[in-house]
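If you read the protein sequences in the order shown, they are chains A and B.
At position 4 of the first sequence the residue is numbered 4 (the working numbering), and the sequence of numbers has no breaks.
At position 246 of the second sequence the residue is numbered 246 (the working numbering), and the sequence of numbers has no breaks.
In case anyone wonders, no lab produced these hints; they're calculated from the structure.
Note that this is a predicted model, so its numbers are computed, not measured.
Be careful, since some hints might not be right.
Straight-line alpha carbon distances no greater than 27 Å define the calculated DSS-like cross-link-like pairs of lysine-lysine that follow [to be verified]:
no.: 1; chain 1: B; residue 1: K247; chain 2: A; residue 2: K147
no.: 2; chain 1: B; residue 1: K12; chain 2: A; residue 2: K175
no.: 3; chain 1: B; residue 1: K16; chain 2: B; residue 2: K3
no.: 4; chain 1: B; residue 1: K3; chain 2: A; residue 2: K153
no.: 5; chain 1: B; residue 1: K247; chain 2: A; residue 2: K97
no.: 6; chain 1: B; residue 1: K38; chain 2: B; residue 2: K198
no.: 7; chain 1: A; residue 1: K147; chain 2: B; residue 2: K13
no.: 8; chain 1: B; residue 1: K278; chain 2: B; residue 2: K198
no.: 9; chain 1: B; residue 1: K247; chain 2: A; residue 2: K153
no.: 10; chain 1: A; residue 1: K153; chain 2: A; residue 2: K175
no.: 11; chain 1: A; residue 1: K44; chain 2: A; residue 2: K97
no.: 12; chain 1: A; residue 1: K27; chain 2: A; residue 2: K97
no.: 13; chain 1: A; residue 1: K44; chain 2: A; residue 2: K279
no.: 14; chain 1: A; residue 1: K175; chain 2: B; residue 2: K5
no.: 15; chain 1: A; residue 1: K153; chain 2: B; residue 2: K5
no.: 16; chain 1: A; residue 1: K147; chain 2: B; residue 2: K12
no.: 17; chain 1: B; residue 1: K16; chain 2: A; residue 2: K175
no.: 18; chain 1: A; residue 1: K153; chain 2: B; residue 2: K16
no.: 19; chain 1: A; residue 1: K223; chain 2: A; residue 2: K27
no.: 20; chain 1: B; residue 1: K3; chain 2: B; residue 2: K13
no.: 21; chain 1: B; residue 1: K198; chain 2: B; residue 2: K188
no.: 22; chain 1: B; residue 1: K13; chain 2: A; residue 2: K153
no.: 23; chain 1: A; residue 1: K147; chain 2: B; residue 2: K16
no.: 24; chain 1: A; residue 1: K175; chain 2: B; residue 2: K13
no.: 25; chain 1: B; residue 1: K188; chain 2: B; residue 2: K278
no.: 26; chain 1: B; residue 1: K5; chain 2: B; residue 2: K16
no.: 27; chain 1: B; residue 1: K12; chain 2: A; residue 2: K153
Covered, in the sense of this in silico footprint (three residues per stretch, anywhere, with C-beta under 8 Å from a C-beta of chain B), are these stretches of chain A [unchecked claim]:
no.: 28; stretch: 90-102
no.: 29; stretch: 122-130
What follows is a set of in silico ranges between Cβ atoms, one per label pair, in the way DEER data are often shown [stated by the list, open to error]:
no.: 30; chain 1: A; residue 1: N65; chain 2: B; residue 2: Y134; range: 29 to 37 Å
no.: 31; chain 1: B; residue 1: P126; chain 2: A; residue 2: R150; range: 32 to 40 Å
no.: 32; chain 1: A; residue 1: E157; chain 2: B; residue 2: I214; range: 20 to 28 Å
no.: 33; chain 1: A; residue 1: Q169; chain 2: B; residue 2: W7; range: 20 to 28 Å
no.: 34; chain 1: A; residue 1: G177; chain 2: B; residue 2: F33; range: 35 to 43 Å
For glycine and all other residues, C-beta sits at the position ideal for the given N, C-alpha and C.
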Amino acid sequence: MPENKRPRTKMVPVPSHSIIPERDADKSPILECSHLGIDFGGLKAVDDFNLTIGRTEIAGLIGPNGAGKTTVFNLLTKVYQPTRGTILLDGMDTAGKTTAQLSRMGIARTFQNIRLFSNLSVEDNVKIGLHNQEQYSMLTGVLRLPKYWRQEKAAHERALELLSIFDMQGMANFKAGSLPYGVQRRLEIVRALATGPSLLLLDEPAAGMNPSETAELMENIIKIRDTFQIAIMLIEHDMNLVMGVCEGICVLNFGQIIAKGTAEEIQANPAVIEAYLGKQKEA
Amino acid sequence: MHKIKSWYSGLKKATKTDFATYLGVILAFLIVFPLQQKGILSRSVSGMLIPLCAYIVMAVSLNLTVGILGELSLGHAGFMSVGAFSGIVTAMSLQSAIPSPAVRLCLAIVVGAVCAGVAGVIVGVPVLRLHGDYLAIVTLAFGEIIRDLITCLLVGYDSRGLHVIFNASGSRTLEDLHLAEGGFAIIKGAQGATGTEKISTFFAGFVLIMLTLIIVLNLVRSRSGRAIMALRDNRIAAESVGINVTKYKLMGFITSAALAGAAGALYGLNYSNLSATKFDFNTSILVLVFVVLGGLGNIWGSIIATAVLYVLPEALRGFADYRMLIYAIVLILVMLATNSDSVRNLYSRLFQRKEAERDA
Numbered sequence: 001m002p003e004n005k006r007p008r009t010k011m012v013p014v015p016s017h018s019i020i021p022e023r024d025a026d027k028s029p030i031l032e033c034s035h036l037g038i039d040f041g042g043l044k045a046v047d048d049f050n051l052t053i054g055r056t057e058i059a060g061l062i063g064p065n066g067a068g069k070t071t072v073f074n075l076l077t078k079v080y081q082p083t084r085g086t087i088l089l090d091g092m093d094t095a096g097k098t099t100a101q102l103s104r105m106g107i108a109r110t111f112q113n114i115r116l117f118s119n120l121s122v123e124d125n126v127k128i129g130l131h132n133q134e135q136y137s138m139l140t141g142v143l144r145l146p147k148y149w150r151q152e153k154a155a156h157e158r159a160l161e162l163l164s165i166f167d168m169q170g171m172a173n174f175k176a177g178s179l180p181y182g183v184q185r186r187l188e189i190v191r192a193l194a195t196g197p198s199l200l201l202l203d204e205p206a207a208g209m210n211p212s213e214t215a216e217l218m219e220n221i222i223k224i225r226d227t228f229q230i231a232i233m234l235i236e237h238d239m240n241l242v243m244g245v246c247e248g249i250c251v252l253n254f255g256q257i258i259a260k261g262t263a264e265e266i267q268a269n270p271a272v273i274e275a276y277l278g279k280q281k282e283a
Numbered sequence: 001m002h003k004i005k006s007w008y009s010g011l012k013k014a015t016k017t018d019f020a021t022y023l024g025v026i027l028a029f030l031i032v033f034p035l036q037q038k039g040i041l042s043r044s045v046s047g048m049l050i051p052l053c054a055y056i057v058m059a060v061s062l063n064l065t066v067g068i069l070g071e072l073s074l075g076h077a078g079f080m081s082v083g084a085f086s087g088i089v090t091a092m093s094l095q096s097a098i099p100s101p102a103v104r105l106c107l108a109i110v111v112g113a114v115c116a117g118v119a120g121v122i123v124g125v126p127v128l129r130l131h132g133d134y135l136a137i138v139t140l141a142f143g144e145i146i147r148d149l150i151t152c153l154l155v156g157y158d159s160r161g162l163h164v165i166f167n168a169s170g171s172r173t174l175e176d177l178h179l180a181e182g183g184f185a186i187i188k189g190a191q192g193a194t195g196t197e198k199i200s201t202f203f204a205g206f207v208l209i210m211l212t213l214i215i216v217l218n219l220v221r222s223r224s225g226r227a228i229m230a231l232r233d234n235r236i237a238a239e240s241v242g243i244n245v246t247k248y249k250l251m252g253f254i255t256s257a258a259l260a261g262a263a264g265a266l267y268g269l270n271y272s273n274l275s276a277t278k279f280d281f282n283t284s285i286l287v288l289v290f291v292v293l294g295g296l297g298n299i300w301g302s303i304i305a306t307a308v309l310y311v312l313p314e315a316l317r318g319f320a321d322y323r324m325l326i327y328a329i330v331l332i333l334v335m336l337a338t339n340s341d342s343v344r345n346l347y348s349r350l351f352q353r354k355e356a357e358r359d360a
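Just chain A, same shape as in the assembly (with noise of 0.2 Å):
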């Protein structure tokens, strides 16, 4: 074996076309997915998924509807346990855990249709998303030993740091159900931020926005990763959002990848066109 330096991984063979950066292409990739799959009954939903993901990558998954993209982020996080395959983690292997342990291991995910926890304020909401960055025992928090005083200060601040980065430090206090939808998903995306994740899954974060607000989303998408330094990938219906920020795009179609590679690649591939467009007629 040649003495050479490689790259320190557990790299299972992925099949080629895995769309890592150049800048990440010396670490070791942050998601690797092989043959992942599952059926729902005889149907099969999501099948042969081969996918990696470089520490420091904006991925996108596009696909027409009911192509299976949000079944691929809930196979992800474990709302649903794959029939078939692997999922490593930044190398770890994710086969039996629930959803909260992958949260912990840093996935962290928004939702297509928002779920906020409507009742509590914008802050708390962010607060629950620092959840395991605190750490005091029911009884420190009844008690209010001098280290709930702490913790709590400390997670404040956070909170409205993490609030910050969309502006949103003014409406702490306020009801996070009350609030515009367009705020709400950005919310959303700090609660899931809040938990210290190294891949960050956006599920449709445009959706609903106005075209100024999508454009301000991407720039926050770009921002998000240079500050935090983590890989996003993310589903989209918006090609301008998926094609101006995305260093690679997944195309899926009835539950399988017929696609992997840059906006230009996917733009020119004949599957992706007759995927969303139909067959051309013949002359």
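Starting from the structure of chain A, add chain B where the hints point.
Showing chain B alone in chain A's frame:
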């Protein structure tokens, strides 16, 4: 004065509400306690004070399960029953060992809370792992089972210690306890606990309410409480941020059960005769009515609703036949008032105007 004012306005709204709740309870106690001591209150009114305290603790603890954890419990009286009878057994069997009634009452309340907490573990561990309304079904059954179990229980105490017989066949009597000379029966099957020394005091009730408030309100404002409320609002999202669902559901439910047990011990030691049939389904529903009318998740609401609805039937005693009719009408009116949009809008308009005036 100005300093206090600026300090107060700097507080969060939730902290202000908590302070107002503590202050309200303390004020009410400071008014009622001297009246009771000087004997100005009538016998029937002062006799209601300790049960009222117990029901307030019950309502606050049930609010923890229903309003804050978001799970329906229909057998809260079962936990009260466990606390009451374990408390009575503790207090009566320590009669000669600890002469001070106050110390015995404290011990009885602690034992009652622990026993009810254990019952909470037994019910909660299997049930809270499921999603859905199973807790309501199981607690409903639990309340009925506990009542029947205690009806079958014969407990006596003598110089050799406690004697317990489980009289499932119904054929055994107190004779079977074989109590030595000087021994006495504490729980006599269907008759319940008789000849209990009444050691509960109104002051103890007040202290228990304050402790309950401190536990529940501090829990709600802590990391654990936020996790519990997150489960109520959206379980899937709570899991996705790394909250252990079963752990925090159990934490909320067991705390609630233990507080109900403490309330039961206070309640049980206020009567010389107490039968297990007192803690039936109707009692569970009564407490649930207090909680729902006071507002789910609203702690001071539970306290006020309990005080009003517990005193109301007594105050209406003069109307004899119409008393339950009026009680029902009041319930319906309160429900209409709290759920109607027009009333709510009126409230919010009044409230906003006040705020606008203050800011101007």
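Structure-based check of each hint:
Between the alpha carbons of B/K247 and A/K147 the distance comes to roughly 21 Å, so the proposed pair stays at or under 27 Å and holds. Taking the CA atoms of B/K12 and A/K175, the gap is about 13 Å. The hint holds against a cut of 27 Å. Restraint check for B/K16 and B/K3: the C-alpha separation of about 16 Å stays at or below 27 Å, so the hint holds. Distance check on the hinted pair: B/K3 and A/K153 sit about 23 Å apart at the alpha-carbon level, within 27 Å; holds.
Taken as a hint, the B/K247 and A/K97 pair is honoured in the structure, with Cα atoms around 16 Å apart against an allowance of 27 Å. Straight-line distance between C-alpha atoms of B/K38 and B/K198 comes to about 20 Å, which keeps the hinted pair within the 27 Å bound. Using a Cα cut-off of 27 Å, the hinted pair A/K147 and B/K13 holds, with the two alpha carbons roughly 23 Å apart. Between B/K278 and B/K198, the direct Cα distance comes to roughly 17 Å. Compliance with the 27 Å bound is thereby established for this hinted pair.
Using a Cα cut-off of 27 Å, the hinted pair B/K247 and A/K153 holds, with the two alpha carbons roughly 25 Å apart. A threshold of 27 Å between alpha carbons decides the hint, and for A/K153 with A/K175 the separation of about 20 Å falls inside it, so the pair holds. Straight-line distance between C-alpha atoms of A/K44 and A/K97 comes to about 22 Å, which keeps the hinted pair within the 27 Å bound. About 25 Å separates the Cα atoms of A/K27 and A/K97, which keeps this hinted pair within 27 Å; it holds.
At most 27 Å may separate the alpha-carbon atoms for a hinted pair to count; A/K44 and A/K279 meet this at roughly 23 Å. Proximity of A/K175 to B/K5 is assessed by CA-CA distance (about 25 Å); at most 27 Å being required, the pair is judged to hold. Under the criterion of a C-alpha separation no larger than 27 Å, the hint pairing A/K153 with B/K5 is consistent with the structure, at around 23 Å. Between A/K147 and B/K12 the CA atoms are separated by roughly 20 Å; this keeps the pair inside 27 Å, and the hint holds.
Note on B/K16 and A/K175: the hinted pairing holds, with a Cα-Cα distance of about 17 Å set against a maximum of 27 Å. With a CA separation close to 18 Å, the supplied pair A/K153 and B/K16 stays within the 27 Å bound. For the suggested pair A/K223 and A/K27, the alpha carbons sit about 21 Å apart, so the restraint of at most 27 Å is met. Restraint check: the Cα-Cα separation between B/K3 and B/K13 comes to about 18 Å, which is no more than 27 Å; the hinted pair holds.
Distance restraint check for B/K198 and B/K188: the Cα-Cα separation of roughly 17 Å lies within the 27 Å cut-off, and the hinted pair is therefore satisfied. Proposed proximity of B/K13 and A/K153 is supported: the alpha carbons are some 17 Å apart, at most 27 Å. This hinted pair checks out: A/K147 and B/K16 have alpha carbons roughly 22 Å apart, not beyond 27 Å. At roughly 12 Å between alpha-carbon atoms, A/K175 and B/K13 fall within 27 Å of each other, so this suggested pair holds.
Among the hinted pairs, B/K188 with B/K278 is consistent with the structure: their alpha-carbon atoms are about 15 Å apart, no more than 27 Å. For the proposed pair B/K5 and B/K16, the alpha carbon gap of about 12 Å is at most 27 Å, so the pair holds. For a cut-off of 27 Å, the pair hint linking B/K12 to A/K153 stands: about 14 Å separates their Cα positions. By the rule of at least three residues with a Cβ nearer than 8 Å to a Cβ of chain B, the coverage given for the stretch 90-102 of chain A holds, with 4 such residues.
Coverage of the stretch 122-130 of chain A by chain B holds [criterion: at least 3 residues with CB-CB distance below 8 Å; count 4]. The hint said 29 to 37 Å for the Cβ distance between A/N65 and B/Y134, and at roughly 35 Å that hint holds. Here the CB-CB span from B/P126 to A/R150 is close to 37 Å, well matched to the stated 32 to 40 Å. Evaluation of the 20 to 28 Å hint for A/E157 and B/I214 yields a pass: the beta carbon distance comes to about 26 Å.
One distance hint, 20 to 28 Å for the beta-carbon pair A/Q169 and B/W7, holds here, with the actual separation near 22 Å. For A/G177 and B/F33, the Cβ-Cβ distance of about 42 Å falls inside the hinted range of 35 to 43 Å, so the restraint holds.
The structure meets every hint from the earlier list without exception.
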